[in-house]
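S.K.: Chain order of the listed sequences is A and B. Those letters in the first sequence? Residues 1 to 353, by this note's numbering. Those letters in the second sequence? Residues 1 to 353, by this note's numbering.
These are computed hints drawn from the structure, not numbers from a lab. Each statement offered as a hint is correct.
If you anchor each label on the Cβ, the simulated ranges turn out as follows: (1) 66/B x 57/A: 34 to 44 Å; (2) 186/A x 38/B: 52 to 62 Å; (3) 292/B x 44/A: 45 to 55 Å; (4) 92/A x 220/B: 29 to 39 Å; (5) 63/A x 188/B: 18 to 28 Å; (6) 125/A x 38/B: 55 to 65 Å; (7) 184/A x 280/B: 52 to 62 Å.
Mimicking EDC-like on lysine to aspartate or glutamate, the simulated pairs with C-alpha atoms at most 20 Å apart in a straight line are: (8) 166/B x 162/A; (9) 34/B x 339/B; (10) 166/A x 49/B; (11) 166/B x 49/A; (12) 166/A x 162/B.
Note that the Cβ used here is the ideal one computed from N, Cα and C, for glycine as well.
Letter by letter, the chains look like this.
Number of protein chains: 2
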Amino acid sequence: MKNCFLTSHASTLNVKSMAVPSFRLSCTDIVKAKIIARIRPDLERIEREIEGHLSSSVPLISVVARHIMGSGGKRLRPLLMVLAARLCRYNGGQDAALSVVFEFLHAATLLHDDVVDNAEVRRSKPASNTIWGNPAAVLVGDFLYSKAVLLTVAHSNIRILEVFSKTTTLMAEGEVLQLVHSDNLEIDEKEYFEVITRKTAVLISAACQIGAILGNAGDSEEAALRDYGHHLGIAFQLVDDTLDYTGDVKELGKPVGNDFKEGKVTLPLIFAMTTSDDGVRERLRRAFNADEISAEFFGEVRDLVVRSGAIDHTLATADGHIRQAKEVLSIFPPSPTKELLTDIADFVLCRRM
Amino acid sequence: MKNCFLTSHASTLNVKSMAVPSFRLSCTDIVKAKIIARIRPDLERIEREIEGHLSSSVPLISVVARHIMGSGGKRLRPLLMVLAARLCRYNGGQDAALSVVFEFLHAATLLHDDVVDNAEVRRSKPASNTIWGNPAAVLVGDFLYSKAVLLTVAHSNIRILEVFSKTTTLMAEGEVLQLVHSDNLEIDEKEYFEVITRKTAVLISAACQIGAILGNAGDSEEAALRDYGHHLGIAFQLVDDTLDYTGDVKELGKPVGNDFKEGKVTLPLIFAMTTSDDGVRERLRRAFNADEISAEFFGEVRDLVVRSGAIDHTLATADGHIRQAKEVLSIFPPSPTKELLTDIADFVLCRRM
Numbered sequence: 001m002k003n004c005f006l007t008s009h010a011s012t013l014n015v016k017s018m019a020v021p022s023f024r025l026s027c028t029d030i031v032k033a034k035i036i037a038r039i040r041p042d043l044e045r046i047e048r049e050i051e052g053h054l055s056s057s058v059p060l061i062s063v064v065a066r067h068i069m070g071s072g073g074k075r076l077r078p079l080l081m082v083l084a085a086r087l088c089r090y091n092g093g094q095d096a097a098l099s100v101v102f103e104f105l106h107a108a109t110l111l112h113d114d115v116v117d118n119a120e121v122r123r124s125k126p127a128s129n130t131i132w133g134n135p136a137a138v139l140v141g142d143f144l145y146s147k148a149v150l151l152t153v154a155h156s157n158i159r160i161l162e163v164f165s166k167t168t169t170l171m172a173e174g175e176v177l178q179l180v181h182s183d184n185l186e187i188d189e190k191e192y193f194e195v196i197t198r199k200t201a202v203l204i205s206a207a208c209q210i211g212a213i214l215g216n217a218g219d220s221e222e223a224a225l226r227d228y229g230h231h232l233g234i235a236f237q238l239v240d241d242t243l244d245y246t247g248d249v250k251e252l253g254k255p256v257g258n259d260f261k262e263g264k265v266t267l268p269l270i271f272a273m274t275t276s277d278d279g280v281r282e283r284l285r286r287a288f289n290a291d292e293i294s295a296e297f298f299g300e301v302r303d304l305v306v307r308s309g310a311i312d313h314t315l316a317t318a319d320g321h322i323r324q325a326k327e328v329l330s331i332f333p334p335s336p337t338k339e340l341l342t343d344i345a346d347f348v349l350c351r352r353m
Numbered sequence: 001m002k003n004c005f006l007t008s009h010a011s012t013l014n015v016k017s018m019a020v021p022s023f024r025l026s027c028t029d030i031v032k033a034k035i036i037a038r039i040r041p042d043l044e045r046i047e048r049e050i051e052g053h054l055s056s057s058v059p060l061i062s063v064v065a066r067h068i069m070g071s072g073g074k075r076l077r078p079l080l081m082v083l084a085a086r087l088c089r090y091n092g093g094q095d096a097a098l099s100v101v102f103e104f105l106h107a108a109t110l111l112h113d114d115v116v117d118n119a120e121v122r123r124s125k126p127a128s129n130t131i132w133g134n135p136a137a138v139l140v141g142d143f144l145y146s147k148a149v150l151l152t153v154a155h156s157n158i159r160i161l162e163v164f165s166k167t168t169t170l171m172a173e174g175e176v177l178q179l180v181h182s183d184n185l186e187i188d189e190k191e192y193f194e195v196i197t198r199k200t201a202v203l204i205s206a207a208c209q210i211g212a213i214l215g216n217a218g219d220s221e222e223a224a225l226r227d228y229g230h231h232l233g234i235a236f237q238l239v240d241d242t243l244d245y246t247g248d249v250k251e252l253g254k255p256v257g258n259d260f261k262e263g264k265v266t267l268p269l270i271f272a273m274t275t276s277d278d279g280v281r282e283r284l285r286r287a288f289n290a291d292e293i294s295a296e297f298f299g300e301v302r303d304l305v306v307r308s309g310a311i312d313h314t315l316a317t318a319d320g321h322i323r324q325a326k327e328v329l330s331i332f333p334p335s336p337t338k339e340l341l342t343d344i345a346d347f348v349l350c351r352r353m
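Here chain A stands alone, though its shape is the one from the complex:
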């Protein structure tokens, strides 16, 4: 996987075009296929659990919930919880039931994010708010969040509830923080990492930590899985932020340049702004402050960001976090589950969607 990253990195530097580097494609496909074969049984259990909770006495809830939680989700968070529990020798039957809490929470944030961002497309489908309106997206988001609380409480484990509730509070603060920073081209790396920690990493970290708690892990095992999730989450978001500049619209399921157009300043842009000369910075600033930005205009922005080395810098930072994610797992003895968690970490770095 190191090769995968390095080659992707080198090809981005060389081609200076925005085509997805071909090695990255094939590398991702191989790793993906290898992972999917092993996670299929867990994914099937998770899907069944999700489906079992999607009906409601209010039909609109079921329809919107199915739209946002239906096909296209990676189920990364529930899967990580299930695997974390297994790594800690959990052999009960409650893991899948608890794991879906993280998908419900995630879906709730997506619905509210779409309202906040006035999103038009999500996973190649019209965003829920464009079909059913903002009120339905806000209220069904509230329902999914409530359902997540209800499903967590059903496990009667105060430690799990403590981690869960601290996580959702940090996430909500992170969402407001991101809103405050939107349209602010002066945000620095520290503020950016604060936002992505709260909006992405804490939930993935909590999924892993709660898996450990379910598995009755010792303190050091629980801390290791919490940290694994944190580093994986940071890397996941960093890669996501590069894909907004270099991704393929079909694979992403949403247009590239979305973050830039929505005034979200991510690490690639921060790096380009702090390392480029005055002329480039001024062009980026003008594009960022423009009321409308055409595909061609964004193409120019993308070129400037890539030429600054920002994508390489961001992926190298993500690579550092993936290394740390794998490193913290060293306290666990070798096992198929540990190997799978390691492969998932590698995949996060090479993913294209």
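Mind docking chain B on chain A? Use the hints.
M.R.: Just chain B now, with coordinates in the frame of chain A:
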């Protein structure tokens, strides 16, 4: 208090104008003064607890939270929880800390309601969404809800968490149900009661029930307080729905006719539609479906609704629920707290804001 209701009832019938009946005014003022003197120490403890949780590392959260939770709130839900606990002989020091959960939850729903309804005014102040925009209102609402979960978890009581999480899920479903029914003049009484049970009564009922659980009440005491809260909540909403037709804009802190203009069909309108002749129904239908409705046009609607006896019918229904609320308290021996809960029930029927 029966007199208060009856006199108000009679004067509404007689005057056929929309002036607030004078007896109702004085009756309310006397009852209010009597109640306020007794609840002041509890309200002060509740206010201190709320204030202690309003600061956040993200300043926008504190500003919006203070706006929605600042002056003007009745603190009815926290107060009922504290009193319910005391009625069940609770003498610990955690009641105020737990009670604020209900104010945080309530504030979260108000923020999201304002987004859903495109509200302009709330408690005589501009609604949060009009000052800080829909994104901030949605996300700070999410924060307040998360905070409510966090504060409830801190009490480490699974029974309380079960009631809490069932309640919030029912509430969220109720909000969607109300959205589905909006602009639907054909909604019947059964559907209306389903909506108001979920959107208003379940939270007030949960506050009372959780107070009982905190006080280690027996099953019958817990059930009695849950039912007291339910009937009080239904009556509270019924009175609220009459105030949208007959209230005073200054006392209400929001314009009258709000529900009607927002396409919310409440019991007064349902009653008027089902009991009036075809001509009146057609005039009401035309007003309801109009794109814009002037103050004068709403005045006509109000006259038609009042003349149909709908306000009397709705207040009589509320009176029935207040009687039941007081009746279920009969299992408790006489005490100052029981008397206060009885007076609060009477006040709900006579309130003007």
